[in-house]
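Student: Just so you know, the sequences run in chain order S, B and D. Residue 6 is where the first sequence starts when you use our numbering, and the numbers rise one by one after that. Residue 407 is where the second sequence starts when you use our numbering, and the numbers rise one by one after that. Residue 107 is where the third sequence starts when you use our numbering, and the numbers rise one by one after that.
Below, computed lysine-lysine pairings styled on DSS-like, alpha-carbon distance capped at 30 Å:
{"hint": "1", "chain 1": "S", "residue 1": "Lys45", "chain 2": "D", "residue 2": "Lys233"}
{"hint": "2", "chain 1": "B", "residue 1": "Lys848", "chain 2": "D", "residue 2": "Lys266"}
{"hint": "3", "chain 1": "D", "residue 1": "Lys233", "chain 2": "D", "residue 2": "Lys370"}
{"hint": "4", "chain 1": "B", "residue 1": "Lys848", "chain 2": "D", "residue 2": "Lys330"}
{"hint": "5", "chain 1": "D", "residue 1": "Lys266", "chain 2": "D", "residue 2": "Lys330"}
{"hint": "6", "chain 1": "B", "residue 1": "Lys893", "chain 2": "B", "residue 2": "Lys848"}
{"hint": "7", "chain 1": "B", "residue 1": "Lys893", "chain 2": "B", "residue 2": "Lys473"}
Calculated from the structure, these hints are not laboratory results.
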Amino acid sequence: MINSARQRVLDLEKLAEESQFLEKPTSVWRNALRRLLRRKIAIAGLIIIGFWLLVAIFAPLIATHDPNRGLLGQPGITRRDPPCIYALGCSTEKPQHILGLDGNARDEFSRIVYGTRISLTIGLTTVTVAVLVGAALGAMAGYWGGWVDNVIMRIADVVLGFPALLLAIAIVAVLGPGLRNALLAIAIVTIPQYARVMRASVLQIKELDFVAASRALGASSWRILFGRVVPNALTPLVVLGTLGIASAILEAAGLGFLGVGAQPPSPEWGTMLSEERNQLFSAPHLVFFPGLAIMLVVLGFNLLGDGLRDALDPRLND
Amino acid sequence: MTRMRWLALLAVLALVVAACGTTAETTTTEAAEETTTTEAEETTTTEAAAGFEGLAVAAPDCEYGGKISSIEATGPLEVTFTLCSPAPAFPQIVAFTPFGIQPAEHLEATGGSPLDNPIGTGPFVLEAWNRGSDIVYQANADYWGTPPAFQTLVFRWATESAARLLELQSGNADYVTNLATADIASVEGDANLALLPNLNPNVFYLGMSTNSPPFDQLEVRQAIAMGINRQQIVDNFYPPGSEVATHFTPCSIENACNGDDWYEFDAEAASQMLADAGAEGFDVTIYYRDVFRVYLPEPGAVANEIAQQLSDNLGINATVQVVESGEFIDVSGDGTYGMYLLGWGADYPHVSNFTDYHFGEATTQFGAVYPDIFENLVEAGSLGDPAAAAPLYEAANNAIKANVPMVPIAHGASADAALATLEGAVSPVFGAPQFELMNPGKDTLVFVQNAEPISMFCADETDGESLSACQQVVEPLLGYDLEGGLKPKLATECTPNDDATVWVCTLREGVTFHDGSDLDANDVVASWALGIDASNPLHVGNTGAFEYYGYLWNSLMNVEG
Amino acid sequence: MVSFISRRLLFTIPVLLGIVVVVFLLVRSIPGDPCTAMLGERATQAACDAFNAANGLNEPIPVQLGIFLGNLVQFDLGESIRFSRPVSQMLIERMPMTIELSAAAFIIALLVGVPLGILAAMRHNTKTDVATMAVANVGVSMPVFWLGLMLAYLFALLLKDTPFSLPPSGRLSAGVSPIPFYEVWGRSVDPASAWAPVYEFLSNFYIFNCLITGQWEILLDAIKHLILPALALATIPLSIIARITRSSLLEVLGSDYVRTARSKGARERRVVSRHALRNALLPVVTIGGLQMGGLLGGAVLTESVFSLAGVGRALVEAIFSRDYPVIQGFTVIVAAGYVLVNLAVDLSYAYLDPRIRLE
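In isolation and in its complexed conformation, chain S is listed as follows (with noise of 0.2 Å):
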């Protein structure tokens, strides 16, 4: 989860330099989206990202119950009940709750379904902020160069120099527990990834001669970045961004955790995990199957980014 990360970045620095496809942006696209719907790993991903999406737009509809309401004071309701299903056998006599109940006798599927919405929120709110912010310290680093490019590389290394879980809990010490400080704990621990990529990008970009012509016909520094240097250099940012998904939710799961990221009683996967540890033996499914979510959501990301990355990456089409 950590150094994955890492490994990343210097994989696309990689995939950046040696990129060949640059002239045209959008037939690059246009094929990349052909191999993509070829692969099957990128279409299970597709498939999984889709599901969640749709079980996060229609929350209330799937939801059996209120996530935050405990049933405490109605009849046949113990906390921390397992699993009641009739078709698989649970007496009728007591109220079916597919996922059992919570340690404050909330159902647990309403809460697993609705959480889907934080996690995914997690998820493409970080991302969103480190890429934007990430490339655009990167870009600013890669065109000019020179002492912006010093400090910016210099600071991006000390950032790096953390292992980035526990970068990502001393800031959240700092700025007080909750889900936004966590987001923005991993945006900050993330952006130096993006910046690093998209530094290494626009290096190899600006040599390229459709660049050159543009600086030859006298447009400014702005206009090239922007208009000509940062749209080509999206590609392995986006790989990047996909698979980086996958890890925020991850580490918001890890600060959930450890009891400093989403606060109770918000149905965040980790917290309610986290909550429920002390449970693992006598009430397992409270551990169990916010476990499985988080695993199945951060799956699909992965599998997609994967296939995004095999198929926008030359080397690997035979």
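Chain S is fixed; fit chains B and D onto it per the hints.
Tutor: Just chains B and D now, kept in the frame of chain S:
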């Protein structure tokens, strides 16, 4: 390339090694300096060869705010405590582990900081503290009481209740502490295990501060006192044996339950009161810290439950907010939070330990203070005779009920567990398990608690894990029996004068420390002086705060500034 | 080459300094002061003032930073506020545990990951390939703490009375403690000598210590305790190594010289083992090094799940108890190790890949 990675690793290693090497040297020189200062001290203090010359420690006067005026060795085996004001709870406090006795010479030799090498008189001798993994003790064959029936005692720790229970179930441990509520049932259902209920007196309450409207209105506080279904909380979130609080202090303590019982749950009447007070449907945040305590085993779940009850029963829109423990204690103590979850576990079995801390004149945690409560408490505290104090505690309790600075919710029960084969396994009301009374039927007894001790010099520690490790080695003058009553330890008795301002403790004869030296009154004075006297050169400890000396005796002596 | 290395080494100095300063400032800006965290909830203001003075916490922040840097240059990491013990001593006790765990995880990751990757590459685009890569993807997607808890549930509870039962927490069984190698060999170590900490540090590698002194039972016990956490920690690097091995081998298999070898009629297995594998494994080794660096920091969650007294858990506990010197000292050492490992990896990259110019 591999060579290069090795180089890098070696560099890290070298860094660590170099770092360690230098610090080791500096600590030795520091230690040497400390020894010289204590030697100088020894010549001024007096332990002459001929006859007994008693040590003494005394405050210049009683103006410093503390309870202790002087502690004197008035005979080889007699120590006299002179107090600034009556202290009816003196024996109960003295029996607390931080007031354990170590040899005067050892305290000097360690510069007042025997953090990992305590020498006591207890049933077990510390053999090794393997940091991060365990503490090993051997039975003290020369123990003044009955020596333990087994040879080796091992302390281990695991933060998670589930992990502790598993150690027990898998036969790796004989005794584990603090089961989670959910694990209690599985222990009860297991014939190989014995459930050991713990009856340490405690209270969990919902605090309200008048600094934060609308809690400045008495009617609002009363409505909340009536509008919470405390029975439902205790039934669902507390282990069996827990009780709904009828009074702030649990009834197992003398004089605690004088006066009327708490309000009955009545949601309708409560809503009506809120409506009459014009405070319907306000927003409130319930603050809490996510720390396991026996009085609040599941903070998050209970916070959610109370929030939901406030909304269902009273139409109050409540949200919950967890706060880092240290910050929570700071801020709630100032009375800044309008509503918060906190509790109290007894330090010693006396009603004043509960009431005086929470409802004294200096208390700020509930905003306003209530003279009709604290005036009764002050008067009761000056009386040595419990029967004479009884009506005063009744008046104080009724005033607490009338003013509702907080809502007492539960007295939590907790439970330890042991192998069914562990003879004599009991979880005592106060302090750590008394392993010298148990017999595992084999050489080794393994105990698993929540965490590793911070140090083993408990004069300067406050956490239960350190105290339980110390208790096996070091003994105070008195001790608690399994039911929470007092029993003689190093003192055969401590007797008060008429108004409980002078206490004379007579030491047991023929007690030897683990280093072979004999216990005498000067060891007692030296141990106490180190803790209570801030100007003592050996007042070093771990943090140097000697929290329990300052807190239980109101103040340390000779504090600068 | 030499000038390249020395320049890279020089570059790491400002990075390390930056890390130190960032850690220092970050630590001071954590809300909540060490006093209430250390002295407990019943601490008085007077006690806190005395405590802050005793620990130098009443000085202005820049002065504190200056003192810290000055001591650091002399390799003095200070003393824990919470335990009144030298931070370096705590590192001696806790580093070996974490290094042992990381090394075990790393070995598992290599021994399983590389063969899986080779298998997938040789059966490219077959069901085996897809299945292997799907498993690898699942591996990267699992939260470490969840996997750890599930492993503990499975091996410690469900398989309790079977030969597969494994302990869910701790480093050794209760009451078991290995005899340090220097004591076994009858060498007396003067605790005041500069080498004593080194001996102690080395003997805290239980597996190493028991292996060289033949304490087989304790060795077995230590290994049993290590298996579950190491498995949990190994999953992610294992999956990554499998994927890298596969893609790197595929790349090499598509290259000209391999095609030449094939066209000469060499059998596929021989092509792979003789010609392709060595080249394909170079990046794997490099990536492996990176993983090793990351494991050290990533052990936080694993150590928390399995109640292991390692560096990661000590660090998290120190953050929660505001033990400034421990947070600073541990982070600086971990980060320094991390930076140096990364440096070594970068250098090896440069060394291995002639396309990178050593200007």
